[in-house]
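Based on the hints, put chain B in the right spot on chain A.
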Amino acid sequence: MKKWFAGGLLLVAVGYTIYGGSTLMLYTQSGRPAAGFFPLMIGLLLIVSCSVNLWFDVREWLQERASGSGHAHQPEPAAEGTAEALGLDTHTIDGGQEHARDVVIVFAYICGFVAALKVVGALLAMIAFMLVFLFTFDRSRPVTNIIYSLALPGFLYWLFKILLNASLPLSPLGF
Amino acid sequence: MFSEVISNLSLGLSIAASPEGLLFLLLGAFVGMIVGLFPGFGPAAGIAVLLPLTFGLDPTTAIIMLAGIYYGSMYGGTITSILINTPGESATVASTLDGYPLAQKGRAGPALVMQAIASFFGGTIGVLLITALAPSLANFASKFGPSEYFLIIAIGLLMLTTMMGDNKFKGFISALIGFAVGSVGVDVMSGQQRFTFGSPELIGGVYFVAVAIGLFGIGELLHCILNGQHRQPAEKLRISFRDKEFWPTRKDFAESKFTFLRGSAIGFLAGVLPGSGATLGSIIGYSVEKKVAKDPENFGRGEMRGLVAPEAANNAASAGAMVPLLSLGIPGSGATAVLLGAFMMWGLQPGPLLIVNDPEFVWGLIASMYLGNMILIALSIFAIPLFVKFLDIPYLHVVPVIVLLCVIGAFAINASIVETWILVVSGAVGFAMKKFGYSPAATVLALVLGSMAEETFLQSYIISQGTLSVFWERPVSLILSIILLCVVLAPFGLKLAQRVFGKTEKHLAHQK
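Read top to bottom, the protein sequences are chains A and B. According to the working numbering, the stretch in the first sequence is residues 1 to 175, in order. According to the working numbering, the stretch in the second sequence is residues 1 to 512, in order.
Pulled out of the complex, with its shape left as it was, chain A reads as follows:
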């Protein structure tokens, strides 16, 4: 996945630079830098650095494949730096079994929640998200899940809509 992410970044960098180069001017008529000058600099730097980065990641992947080992967990930079400075195993700070499937599920629920915001309104979308989320991961306490799914969205709706007078999407029923 790491190399795919690096590859994706390179593609975005190339797209950014080409699109910027084709739609923006580099210099004004008086010879001064125009709107495209800085983006072009950033784009070129991104392309070079993302290419080198992709090369490093692919090389690491090839080495792992050759040795038959793989990184089960990529430590977070802060934890890695800290562990290095303290002489500890990074795994003790930022490790453990991975739950990639749960990440996909939660992310899909978040996308569904945002998609539902304009359709059913903020309050109903919040309640639906909470019910679906809590019943996916903990079915042993249905009453607690239901009460929590009503109480928290109710509180946040009151806080944002009534207390802070924020503009939240309304349901077809008007709340």
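For the record, the hints were derived by calculation from the structure and aren't laboratory data. Predicted, not measured: the structure shown is a model, and the values here were computed from it. Each residue gets a CB set at the ideal place from its N, CA and C atoms; glycine is no exception. Hints are supplied without guarantee of correctness; some may be wrong.
Unchecked claim - Facing chain A, a subset of chain B residues (Cβ under 8 Å, in silico): (1) Gln192; (2) Arg231; (3) Ile408; (4) Thr420; (5) Ala432; (6) Leu458.
Relative to the frame of chain A, chain B by itself:
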């Protein structure tokens, strides 16, 4: 000079000590401590997620509350470091080394009290130094031209990325991503639209709040889920300050009296330097304390000085990080970058003139830090049993709170569904960045400083008629350029030195 500082502080206290100021400071500190309790959820994420809640407030009150969250999370992060060996955030990792062994020895109470006192000491020394340094630095910086500003931004970003262990290169890419996202919208120099794809919602640029909430809030949350925090049972802990063994002994204080000072001084210096911040400050504080101790073998086995040093350091560093933010308008960390974004959101113009143009705001914020430290030491000692009870809440029930706050908060800013989707995309990118070793903090920092970096770079380019000679012709620019070069070359120099000395040692060993 001294009388001026006192009069400015009095002005600040009159604002921060108002009933409204105190109420929101207390609220911020309390929420910050809770934010600090949850592992993986640091001050940057806490401030970003809770930022939309401050929209109804006036700028000074709002920033006082956000600053309360900022240093409250430093206090709160240590509680879990001591009690369950799980640092609430990276700046409190060093506190686990002796904090947890102290708890295992049955000295959790004294450890919690001493960390609160050390945090108070470090935070207060830090604020005293801000009071002394920020106005002088702002005065000095008011003479800076665009070249100096560009170099300071470049040094800050490079230092942030070079502090990232083996991931320096990925940190550099993260900063470039921030600049690229920051280039969306209307160009400040020519007024031309860039990368808007015809969308009116992108003309004003990619709003940093949605990106910051996504990268820090949703990104951190997904990373915590990946690590399985949502499947872990809640920690059932009980602690009472009425216990006889709750309070530290005289010996604890006597042994740590110089540790408070050393930790605070080291932490403050680390905080002032862009990019290094509280994590590095606490680690250096711990290492120095161990080096100067006559009994270094006791460190790591429940030594009180091993807890006091990083705690004083990380809180002093949090205060130190405010110096470049308030005097130069340049943040040195993810959390202060979000604070800077909040300054801009409220129409404040960060930079050396902020202290001149908005003295009520700056001195109100500084005064709130003094009060905040007092509130936090009281909360940290007398409300420990209450905060420990928060650990009873399973992470599974914390997840929806974070998601709802992030999504509803991002939508509420401009009632924009496009920005809400930007939040979701930023969340996915932030998660991938964390997982694969990139730096969301560098991205947010570059996003916030992007337009300033572009403007100052182009001005320098135009002034020097395309030669960029302005970067070494002005004395301050020359010094900053040399520092920049040192920051770039230092890692290579260190690697070279390691190779040369490594070879010499091997050669000597071989000769023997």
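Report holds or violated for the interface hint on arginine 231 (chain B), using the least CB-CB distance to chain A and a cut-off of 8 Å. 7 Å, holds
Interface hint for glutamine 192 (chain B), Cβ within 8 Å of any Cβ on chain A: Cβ of glutamine 192 (chain B) sits 4 Å from chain A, so the hint holds.
Let's test the interface hint: is any C-beta of chain A closer than 8 Å to that of isoleucine 408 (chain B)? OK, holds: isoleucine 408 (chain B) within 8 Å of chain A, min 6 Å.
Is the interface hint satisfied for leucine 458 (chain B)? The criterion is a beta-carbon contact with chain A at less than 8 Å. It holds, given that the least Cβ distance between leucine 458 (chain B) and chain A is near 5 Å, below 8 Å.
Just to be careful: measuring from the Cβ of threonine 420 (chain B) to every Cβ in chain A, is the smallest value less than 8 Å? 5 Å, holds
A closest beta-carbon separation below 8 Å is what the hint needs, so does alanine 432 (chain B) meet it against chain A? 5 Å, holds
Checked against the numbered hints given earlier, the structure satisfies every one of them.
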